[in-house]
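Fit chain B to the given chain A structure using the hints.
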Amino acid sequence: MTDVASGPDIACGRLPAEAYLDNFTDLHPPLDAHEAVVEADRCYFCFDAPCTQACPTSIDIPLFIRQISTGNDTGSAKTIFASNILGGMCARVCPTETLCEEACVRMEAEGKPVKIGLLQRHATDHFLETRPKSFATRAPETGKTVAIVGGGPAGLSCAHRLAELGHAVTIYDAKEKLGGLNEYGIAAYKTVDGFAQAEVDFILSVGGITVEAGKALGRDFTLADLKVKHDAVFLAMGLAGVNALRLEGEEMEGVLDAVDYIARLRQADDLATLPVGRRVVVIGGGMTAIDIAVQMKRLGAEDVTIAYRRGAGEMKASPYEQELALTNGVVIRHWMRPAALIGAHGRVSSIVLEGTRPGDDGRLEGTGETLRLEVDQVFKAIGQTFLDAPLLGAVPKLEGGRIEVDEDGRTSVDGVWAGGDCVAGGEDLTVAAVADGKRAADAIHRSFGL
Amino acid sequence: MADLSNSFVGIKSPNPFWLASAPPTDKEYNVVRAFQAGWGGVVWKTLGDGDPVVNVNGPRYGATHGKDRQLTGFNNIELITDRPLQLNLQEIKRVKKNWPDRALVVSLMVPCEEENWASILKLVEETEADGVELNFGCPHGMSERGMGAAVGQVPEYIEMVTRWCKKHTRMPVIVKLTPNITDIRQPARAAHKGGADAVSLINTVNSITSVDLDAMAPEPAVDGKGTHGGYCGPAVKPMALNMVAEIARDAETRGLPISGIGGVTTWRDAAEFMALGAGNVQVCTAAMTYGFKIVEEMISGLSDWMDEKGYASIDQFVGRAVPNVTDWQYLNLNYIAKAKIDQETCIKCGRCHIACEDTSHQAIATTINGDRGFEVIDAECVGCNLCVNVCPVEGCITMEAMTPGMVDPRTGRTVEPTYANWTTHPNNPNRVAVPAQ
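Note that the protein sequences, when read in sequence, are chains A and B.
Here full-length UniProt numbering is used: the first sequence runs in plain steps of one and ends on residue 450.
Here full-length UniProt numbering is used: the second sequence runs in plain steps of one and ends on residue 437.
Same shape as in the complex, but just chain A (with noise of 0.2 Å):
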């Protein structure tokens, strides 16, 4: 279709400088010392704890918060690491509301969870800036290798845990810096002053992990090198696909990527060079879809619209998520999906969005009721996919688009191990990346039979 309308409102720097810094600070301001040993106080030291359950890399959280309480931040820290090699960032990023706070007994008790998440921050956070050295010793070097494909938290889980182990690995990754949506794909306010990279240079300080950066499976290896190179390969390679809205005009300025554009978010180094659009319309109703509408909305777009198919209930971005996004002046409209898009010159300039509900067999059907609105910026937030080009046609056995694999991580094909967001039955979630990576590692070693 197309539409005589005026031009796109799209602008860079649509806030005053110091604005940036107030929008995109700290989420969660961490716990001052005595904040802390208040929080920790709260924590009852449950027997085989239902919050030490619920996390999927099973960090004794009872341990840790009571080593806090006793004035132990380095300790509480060591017993973090030790299940956790990332819980620096997940306990900026974990939905703690629906894992460990969620199990927490305080909540059957008053509602109100020991601050599980913060607690972790406030003991990693002491750990990584007075830290002497690295968390862990290497064993004695065994002499096997492992590559490992993709530096995010799976792939840098795995490397620690295997360099910890005594194994010499090495890490490729496609892009120019190692951390995953770490660093390129999670929202700017839930990891601040480059959190990420520093956490990336915390888990190498172990030693034993060379990386090569910049270096893409396909392009510029082939896994049949790594087989030949190395004793064993990680796939941790992430979802490189995005879902398409299959709409017409698709390809219009304007009409974008939520994860490209956060990537780019992440990475500029002045946040008011971004193009920002006055009236935005994000569809999808996962994480993605928040961290996008919310980045949007605080530089400065004037609304900012979440369209999701269903209702609140079945939005994989969490209720604290939800309401985040409300907070932040976002209109959540449920029961819509994109119908049309309309646009002239090239550009996007309005979106017809199509009422939805349940059918009767459950599928997803349309009412025939649309409504027409104007936009600067629509950003596709619906899902990303497992592009298996890159392994050649050396694909190991999918399951529903993504590689299968058993509990220890070990794909269809000898030698190779994977886990993370490209694996089946994933919870797209860090701290389950973190898990699939040191399960994979543990497995990895016993396969040497050393």
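No lab work stands behind these hints: they were computed from the structure.
On a predicted model such as this, the values are computed, not experimentally measured, just so you know.
Cβ coordinates follow ideal geometry from the N, Cα and C atoms, glycine included.
Do not rely on the hints blindly, as some may be mistaken.
Unchecked claim - Only pairs whose alpha carbons sit at most 25 Å apart, straight line, appear in this in silico DSS-like list of lysine-lysine: (1) B:Lys122 <-> B:Lys12; (2) B:Lys193 <-> B:Lys93; (3) A:Lys297 <-> A:Lys316; (4) A:Lys112 <-> B:Lys193; (5) B:Lys67 <-> A:Lys78; (6) A:Lys227 <-> A:Lys397.
What the hints assert, rightly or not - Partner residues are not named here, just some residues of chain A that face chain B (Cβ under 10 Å, in silico): (7) Asp32; (8) Val38; (9) Tyr44; (10) Phe45; (11) Cys46; (12) Phe47; (13) Ala109; (14) Glu110; (15) Arg363; (16) Thr367; (17) Gly368.
Below, chain B alone, put in the same frame as chain A:
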């Protein structure tokens, strides 16, 4: 409205809340503020004779804290008043004249010579103060000079000095006891024999509050070194309650008036001391923590509780708990209780289980119908109360007495309706036929 007026050894005060001899009662300014705030009486900070003592000019106090800086215990290395005797006497006289309805007792500590005591008593009498309290308790500094606890730890000295004081003054004599002894009844009996009108207790407990692990010095440290101080505040209350009860129920001292001291922080603490036989209470740490206003809570709390319970005056409940304090050998061994966990309020923290499993009787299971849940195994439960004490939810775990005729699944024996104690138990080599009570 309950009548809170108090008469302790003939000394009248509008309520039973006195400030103990301590920094808050060292001078007119503080005492007047206390009276303005509503305190029923004060024991003026201990006077000595000769040149005034000198105090350290570094830290005099130490404390123990909860995680949110709640003060759980307090310690001091301050000595008796370091102000000139005459100045104190003038102020005492003026305060008593201006506040005739309030109790004003003067604490004293002089060397163990009869003439020292005789002469200072004469000076105090001239102030028209209501009575004296003999400080035989101060555990630091003064005890090194043969005074304070050095006297209080030797019953013969207590009796001797008390007798001198009774001989040389018409004023009521209260003897303040140190807890730094093995059997509190001995010094109490000595005071009683010496003619004391009352005892007050406890004075502070020898203590080091903590150790600075960087300086490797005890707290509070004065220029790198520390000394033991006197511990007081909430932490010492249980010890004080026991000592008060021991004196209240001792055949030799029964009926001897007691002024209860030791961690009194709220009206409830005061009521507990008084239920165990204290005719009034003295407070210090709570006032030093929060200021004098706390007495308003104490007055209203005690008054409301008395109204609720139907006590018209204080003497109606003083000592009411004393008959229920007994020796272990008289406790009823036929009384069988089992812990019961209220599943409605249980938050499933599992503390009861792990405490019982690791350190006691393995009497709490971890699953109910296959799910996480905690339930008492009656066949293992000895009724020890550990689970009740460690449970973070008040009232969630209770001790339920078994009714006579039921069978205790732990022992297989029927619960007897009769009272039976250790004195008749078959395992007691000195058993008697009929239980002694």
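How the hints compare with the structure:
For the given pair, lysine 122 of chain B sits about 22 Å from lysine 12 of chain B by alpha-carbon distance, which is consistent with the 25 Å threshold. Restraint check for lysine 193 of chain B and lysine 93 of chain B: the C-alpha separation of about 31 Å exceeds 25 Å, so the hint is violated. Between lysine 297 of chain A and lysine 316 of chain A the CA atoms are separated by roughly 20 Å; this keeps the pair inside 25 Å, and the hint holds. The straight-line distance between the Cα atoms of lysine 112 of chain A and lysine 193 of chain B is roughly 59 Å, outside the 25 Å bound, and the hint therefore fails.
Distance check on the hinted pair: lysine 67 of chain B and lysine 78 of chain A sit about 22 Å apart at the alpha-carbon level, within 25 Å; holds. Of the supplied pair hints, the one linking lysine 227 of chain A and lysine 397 of chain A holds, its CA atoms being roughly 17 Å apart against a limit of 25 Å. Interface restraint check: aspartate 32 of chain A against chain B, minimum CB-CB distance 13 Å, threshold 10 Å, status violated. The beta carbon of valine 38 of chain A is positioned within 10 Å of a beta carbon in chain B (closest approach about 5 Å), and the interface hint is therefore held.
Annotation: interface hint on tyrosine 44 of chain A holds; nearest CB of chain B at approximately 5 Å, less than 10 Å. Here the hint on phenylalanine 45 of chain A is kept, as its CB sits about 7 Å from the closest CB of chain B, short of 10 Å. Interface restraint check for cysteine 46 of chain A: the shortest CB-CB distance to chain B comes to about 4 Å, inside 10 Å, so the restraint holds. Given hint, phenylalanine 47 of chain A at the interface with chain B, holds; its Cβ is 3 Å from that chain's nearest Cβ, closer than 10 Å.
About 4 Å separates the beta-carbon of alanine 109 of chain A from the nearest beta-carbon of chain B, less than 10 Å, and the hint is met. Contact between glutamate 110 of chain A and chain B, as hinted, is supported at the beta carbon level, the nearest pair being about 9 Å apart and thus within 10 Å. Hint status for arginine 363 of chain A relative to chain B: violated, with the closest Cβ pair at about 35 Å, above 10 Å. Taken as an interface hint, threonine 367 of chain A does not check out: its beta carbon lies about 42 Å from the nearest beta carbon of chain B, beyond 10 Å.
At its closest, the beta carbon of glycine 368 of chain A sits 47 Å from a beta carbon of chain B; the interface hint therefore is violated under the 10 Å criterion.
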